[in-house]
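Visitor: Now for the letters of each chain:
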Amino acid sequence: MKWNKRKSIDRIMSFLTASCVVIAIIPLLSILYIVTINGISALNLDFLTQLPRPVGETGGGLGNAIQGTFIVVGIACLIGLPVGILAGIYISEYGENRFGRFVSFVADVLTGTPSIVAGIFGYTLIVLYFGSFSAIAGGVALSVLMIPVVTRTTEESLRLVPGSIKEASLALGIPKWKTTLYIVLSTARSGIITGALLSIARISGETAPLLFTSFGNMFWANGLDQPISTMPVQIYTYAITPFPDWHAKAWAGALVLIILILILNIGVRFVTKRKYGV
Amino acid sequence: MENKITVENLDAWFGAKQVLHEISLGIEKNGITAIIGPSGCGKSTFIRCINRMHEVVPGAKAIGKVLVDDRDIYDRDIDPVDIRRRIGMVFQKPNPFPTMSIRDNVVAGLKLGGIKEKKTLDTVAEDSLKKAALWDEVKNDLNKSGASLSGGQQQRLCIARALAVEPEVILFDEPCSALDPISTSKIEDLMLELKEKYTLVIVTHNMQQAARVSDRTAFFLYGKLIESGETNQIFKKPKEKSTEDYIIGRFG
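Chains as they are written, first to last, in our numbering: chain R, 1 to 278; chain E, 1 to 252.
Next up, chain E with everything else stripped away, as it sits in the complex (with noise of 0.2 Å):
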């Protein structure tokens, strides 16, 4: 299958501190890739790099090629907004707007971005939270505070609140790390399904979470990417000694 993203020699700092070596790797159109490793191998700044939200934080700088559609995202002319525009981002912590209803919630990429009717706005809202497979549970409570649902309703709201700017790519940050297991399923679920239509990446602690989902799964440590490949290849026939430590368990 081809490739929606190509990173070629990716690095990454915060501040001195270099956390992402020289990262080559390819992302599958209409699949979902798995990102595992240790806490603190580069994981989420990967992926933030790939929605250019690495240099969201102060002192952080990335260096390298993101080819999106062939078209390099670090490219002088392009503009962060268009991009995290294209690519949305699903964080670790539900974090719905607390001043917003949960219909606001969801259509607040639109409405800030200038649409103002009505009518469009509650057709996206409605169409997004079916996708997020949350309408049924939140169609009568529209317009009540997007704080007011549950940790797991949370999180689908903001899958819901991404899907609204119709993305071509969602990243997500260990989606499910703050839920519980019948809200993970629902998550995990709703991956599949969204991967007819989007690129999906997933950062993930949960190794059964990795199997479970991705096509393609990717295995950092220290910074550096030290295997990638099928799913299956890298939890059963894994090449690196360092992979299969970390997959049976060994450390991490």
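So that you can see chain R by itself, here it is in the shape it has in the complex (with noise of 0.2 Å):
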């Protein structure tokens, strides 16, 4: 019977789609538990807030490691944020030209870009030019990365502020500019907002710009001009070696950079909540 059929044909669709979330899960939920369970025993108020110790002192913590990736993520979106956010606003509002087309090319071209070249990049333009590995040269790097995806997510998020909305502030009398500033980008608030947030998160989480432009460090931060301590660069420098303790400190690092990415989304999901819904 056709009725059956397509009844049937409805169940197994659903099935299928629902089993497919399940298999998207099944890699993320697994990370978070391996992350956690390996990651906790070493997690305390001392790893967060003391220096690294040599190999076979116990104790000690990555807290240089994490006031770094502060520093040098901060550095990333002081360079990266505006930047790309000017520039999404020009391809958007501004870019009906070829050199508009362009930007937005390029723009697609970088977030294909891996991130060790955005390391060279770094490396080559300010570490040998200064002669010596800083914080500088990691932010640097990371905006590279940073750039192309929130100029992207804002054209994208712009773009979808319908036209009547911008006809209707033009019609008022109202001038172009300010149109941009006061009704399209509020009314793309949030998907800039998401944007730059999941920039953040996917820069946070970088080594490979960072092994040779930020380098590492087992002090405090002292000055931008640095070499400077940073979570994923000092996971990977534990993980590398054969010492078990240290193993434990990568996997608790691990779990750090994991809850801080974590606080970060559902903070700024927070913050942009819509006063009223759209």
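Mixed in with the good hints, there may be bad ones.
Stated by the list, open to error - To give an idea of the interface, some chain E residues facing chain R are shown, with a C-beta separation under 7 Å as derived from the structure:
#: 1; residue: P58
#: 2; residue: G59
#: 3; residue: V81
#: 4; residue: M89
#: 5; residue: N95
#: 6; residue: P98
#: 7; residue: T99
#: 8; residue: V165
These are calculated hints, taken from the structure and not from any lab test. Glycine is no exception: its CB is placed at the ideal position from the N, C-alpha and C atoms.
Two chains, two separate frames, one set of hints: put the complex together.
Guide: Right under this line is the structure:
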């Protein structure tokens, strides 16, 4: 019977989509599970606030790497967010020309650039020039990864703002720049913030671009022009050693990094919660 | 009666496609002028040329004269932003600003024009909502989202928003096509009140609506102005055959 056939196809498809959701979630949950199981034992207040200790000495922590990650990611945001958001505004609102399409194309290509290339960029541009690994070089390398993501998500969110809203504003005698700044941007706000957030989450865990830019350090940060410790690099350093104590610290570091990114996500969701649902 | 707006030899294009051909039409002060005609005949483009909204579309251009109070708004030294402040527009689909409250929607034009004083804004919001016959329905919900209103209320909110910047002319681009008959009759009553103070132009697909509200009617076909005159005359004794055909529903 036709009706039965339709109903069974409906069931099969529902089952297929549901199982794909499960398949997609399995890696995520298993990563969370394994990292938590392995990392929780080494996690304590000292781990978050103290400096690393030499091999063989117990205790100590990754305090400087946490600090360093905030500094390097902060530098990347200072460069990447304004450049990315303004570039996105340009492409979406003023970029109906060859230059605009070119910038959009370049942003697409950059999005697919391997992160190690961003590291080489930071190394050649900053490290070789100043003759030293530095926090700034790390921040610049991360901003290279950040800019295309922020640019594209900003552009996409702005394009989603209905033309009728822009027209309503222009027809009120509101100049174009004010329309873009106060009407279009505020309508696209949550999309832009989500994009910025995703890019921050992405670069916070990047290791490759930092290996030969910010390099690493066993001490607290002592200047933006000096090498600086970061979580991903510190985790990597600990993970490739043969010492079980350092392995445990690497797991704990990974757990802290995941939790930080999770807090960032939830925090921003909370802040950008719309006053009015749209 | 004198004309508020005089259009002379207006041509308009979208890219290479000409959509208006040598339109010349006078629009009476403190009257309602209806623009009728089948879809795609250039009605909307015509009124968008009157407040320089046509050129907002990429590739669109207009050539000709549009005299508002005897001053050509297509003069080189005229800023389209000033023209749009003087000539308001209400669109086919209600388009309140989704991130703003009802009050902020009404005063958006003033606020972004630099007026910050809360008291002034509150007064304008109340006055405009009263003029738009919406005040009684929303006076307790001024801080709610504009998008929370019904379609008809949203459209009156958009009218209030246009009134708040104190324009001289208001253009209505099929303002009732997305509304039910009750909301439609509210908007029509409102237009009849507004014409005491403002000059109104309405584009409509609805022949009865044109007959009910307008003083003068212009019939457009294929981007050309076929005929214009007193609404009574156009509907009862059209001079052109195509006008008659359209009005009695033979096409369109």
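Visitor: How about E/N95: closest beta carbon in chain R under 7 Å, or not?
Guide: holds (4 Å)
Visitor: Measuring from the C-beta of E/P98 to each C-beta in chain R, is the shortest one below 7 Å?
Guide: holds (5 Å)
Visitor: Using 7 Å as the Cβ threshold, decide whether E/P58 counts as touching chain R.
Guide: holds (6 Å)
Visitor: Would you settle whether the hint for E/M89 is holds or violated, based on the nearest Cβ-Cβ distance to chain R being less than 7 Å?
Guide: With a minimum Cβ separation of about 4 Å from chain R (threshold 7 Å), the hint on E/M89 holds.
Visitor: Next item in the hint list is E/T99. Is there a CB on chain R closer than 7 Å to its CB?
Guide: holds (5 Å)
Visitor: Given E/V81 as an interface hint, is the shortest Cβ-Cβ distance to chain R below 7 Å?
Guide: Holds. Min distance 5 Å.
Visitor: So, E/V165 near chain R? Judge it on the closest CB pair being under 7 Å.
Guide: holds (6 Å)
Visitor: Are E/G59 and chain R close enough, Cβ to Cβ, to be under 7 Å, as the hint says?
Guide: For E/G59, the interface hint is violated, since the closest Cβ of chain R sits about 9 Å away, which is over 7 Å.
The structure does not agree with numbered hint 2 stated previously, though it agrees with all others.
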